[in-house]
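S.K.: So the sequences go chain by chain: A and B. Position 30 of the first sequence, counting from 1, maps to 30 under this note's numbering, and the rest follow consecutively. Position 138 of the second sequence, counting from 1, maps to 138 under this note's numbering, and the rest follow consecutively.
Hints listed in this document are in silico derivations from the structure and should not be mistaken for laboratory results. Here a beta-carbon is modelled for each residue, glycine too, at the ideal position from N, C-alpha and C. Certain hints may be false.
[Said to hold, decoys possible] Here chain B is said to cover these stretches of chain A; the calculated rule only asks that three of the stretch's residues, wherever they fall, bring their Cβ under 8 Å from a Cβ of chain B:
{"#": "1", "stretch": "6-12"}
{"#": "2", "stretch": "55-68"}
{"#": "3", "stretch": "223-232"}
[Claimed, not checked] Residues from chain B that face chain A, not an exhaustive set, calculated with beta carbons under 7 Å:
{"#": "4", "residue": "F38"}
{"#": "5", "residue": "A39"}
{"#": "6", "residue": "D53"}
{"#": "7", "residue": "Q70"}
{"#": "8", "residue": "P76"}
{"#": "9", "residue": "R79"}
{"#": "10", "residue": "L80"}
{"#": "11", "residue": "A87"}
{"#": "12", "residue": "I91"}
{"#": "13", "residue": "G242"}
{"#": "14", "residue": "G244"}
{"#": "15", "residue": "E295"}
{"#": "16", "residue": "L298"}
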Amino acid sequence: MGSVVPAPWNLTGTVIGNKAVSSGLLRLDLELPQPVPFAPGQFAMLNLTGSGKLVFRRPLSILATDGPVMSFLYRVVGRGTALMADLANGEALDCLAPLGLPFPEPGPDTPPALLLAGGVGLPPLHAWLVEHGRPGDLACFGGRDGGDVPWSLLPDPWQVSVDHLRDIPDGRQAYHGLVTGLADRVLDDGPRLVLACGPTPLLRAAARLARDQGWPCHVSLEEHMGCGYGVCKGCVVPVLDTVREEGWRNATSCTEGPVFDAAQLDWERFGGAL
Amino acid sequence: MSSMSRSLPSWWTTDPCESVVIGPRTLPGRVWTASGCFAYGLSGHDIRSEEFDSPYEGIGAVVTKTVTPQSRPGNPMPRLVELTCGAINSIGLENVGFEAFLAEVLPSLEQSQVPTVVSLAASRPEEFGPMTARLQEVAREFKHWHGVELNLSCPNVAEGGHDFGSDPSTVAQCVAAARPNLPDRALLAKLTPNIAKVAPLAAAAAEAGCDAIAAINTVVGLDVDLTTGKPALPRRFGGYSGPGIQPIALAKVDEIVREVGVPVVGIGGIATAEDALKFFALGCVAVQVGTAQMEDPLAAAKVARDLGRSGDH
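Next comes chain A alone, as it looks inside the complex (with noise of 0.2 Å):
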């Protein structure tokens, strides 16, 4: 992973796309001014223009980009979402991308990957794979029910896993419970990169897996963001940090993250040891 990161870009898309992907997930395409390289795990913030602009901007994990056309994956879960949930094609977006430090990649000594997205955490992983993915990864996505799994984003090798076993689609299968436990088939066979991005249920599945295992794990967090570039300090998440007395400290997830190392995180100020 280079250290340097490229400064983000501060621009005004226009809506190309926004249509639903799944019973709760729906995919935008903006088209920017400009293409904008990302990272895999990067993330962008995004608001409304004119009159309808809300007061912070709403973070979005990085899908794909095509040219100048970035895409995001994201569910309606408060009045910024729903608002967006309404842009029809030809709307205009502000959008400040690429943020964020972005999922490792993968060099020659890497473990195969174990990746474990939850819902929308998705993109991060669904990129990471289109972007690093080698032979041996194991791909892994958990949905509430068949309805919810974004299918047409999640060909072979994706394995899927459902709370509830209905709605799946002819042709397809999935697994019946927590998406970690699709990982149980590769417990034995050696160790694994395990990124995981979701809810924070599943990121202290994946750490506690790892960390049992004695293998390397990242998780991308969803902290609710202010600012998205570091200077509001209203996402900050603990961290060890042996260098001081107290022994940790507060990390700016925006631009520390979203992607940390588990082992870095202090999982006990953080809900609760793992």
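Based on these hints, arrange chain B on the given structure of chain A.
M.R.: Below, chain B without anything else, positioned relative to chain A:
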């Protein structure tokens, strides 16, 4: 030029990017970024855009995130609540601490030639004496460090916050402790709006020797999370900022300008040139862009550009 500048009112004849004198100091412009809303500048990061070479373009000063004698981890999460017309924050003055700021942050701002006003807070008035003395000692030769803004009004800390800044004699003590150490820098006192009359505080600060009043800081506010039925922030109260506080800010600024006559740097819900013009119309010598800067790293640069008359024929 943007359409905004073409509709500038005829009474506005000032170039916001021309220098402004505040006490013993000349600053390079009248549009600043507010403390806590632009960190310590971008600290080596940058923002690229089609419109501006740099997010600092046209900016008179970056008022730093408030620095306290010791580093502070800040308040627990969640720290921000977004509302329709603003946001309530409870960051809790998270900062690297004064010595780390002097060693690492201020030299980097100087090297990047970012015009800087250092925001300081303390839990006792007399602490501002040694802090400003040390600042002057370390940064005496710095060309881009223009002044100090005493944060006497943060609502999110247990001590040294707005309660501390609600008493005129305490405000005077803070200013008096700092003033002798800053012979060639602007000294501002940032006052609380969470008080019936702000003029006595401003008068006390002016008499004690400050060069300008920065007004206002955030308004104490609370939001309720309806899913839990409890306050949305762990500390219950936070500081409300954004467009919703602008009328309150204008009223406080007007009170200070008319009753005290001290120069005022206006703050409160400024996101556009029109917003800034309301503060200038009341007599402010400069303005600060706060919450809007969090939404758009170019917000202050855009306000400065749109206030300019160049190309306005």
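S.K.: Can you give the numbers of the hints that this structure goes against, from lowest to highest?
M.R.: Violated: hints 6, 7, 8, 14.
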